[in-house]
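**Student:** Based on the provided sequences and hints, a complete structural model is requested.
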Amino acid sequence: MNFSNKVWQLTQKIPKGKITTYNIVAKKLNSKAYRAVGQALKKNPNAPEVPCHRVVASDGSIYGYKGIKNNKEKINLLKKEGIKIKGKKIINFKEHLYKF
DNA sequence: CGCTTGACACCGT
DNA sequence: AACGGTGCCAAGC
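Its first residue numbered 174, the first sequence is counted upward by one per residue in my numbering.
Treat each hint with caution, since some may be false.
[Said to hold, decoys possible] DEER-style ranges, computed between Cβ atoms:
#: 1; residue 1: Lys253; residue 2: Ala220; range: 23 to 31 angstroms
#: 2; residue 1: Ala220; residue 2: Asn196; range: 20 to 28 angstroms
#: 3; residue 1: Lys216; residue 2: Tyr271; range: 28 to 36 angstroms
#: 4; residue 1: Leu270; residue 2: Glu222; range: 16 to 24 angstroms
None of these hints come from the bench; they were simulated from the model.
All values reported here derive from a predicted model rather than from experimental measurement.
Think of the CB as a built atom: it goes at the ideal place given N, C-alpha and C, for glycine as much as any other residue.
**Tutor:** Structure below.
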């Protein structure tokens, strides 16, 4: 079981309409490798199974996801799940926050 | 085996 | 409040 593998497993656990942060995921893995979490998610071999769009930065902003590409469709999908996004930041992201 | 990179977080300015 | 610099950890080369 690699670090990345755990990350994906946890990410899969995120229910629809909920989100979490890299920091939290790393802590759940008993580690401070929140950056490595991002690395794992970007690899994401299980694209459909792992909702990486539900993992955001600690301040509730989309770090890199939309930044890499102008993929508004994914952001729109998040909105459809009940998450409101203003620019790169999630509105009331703490309320949707899933702490495992 | 060691240096560089990156979807972050934290602190100072 | 916004921006920039620094530290962190795992993976890749």
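**Student:** Which hints, by number, does the structure contradict?
**Tutor:** 1 and 3
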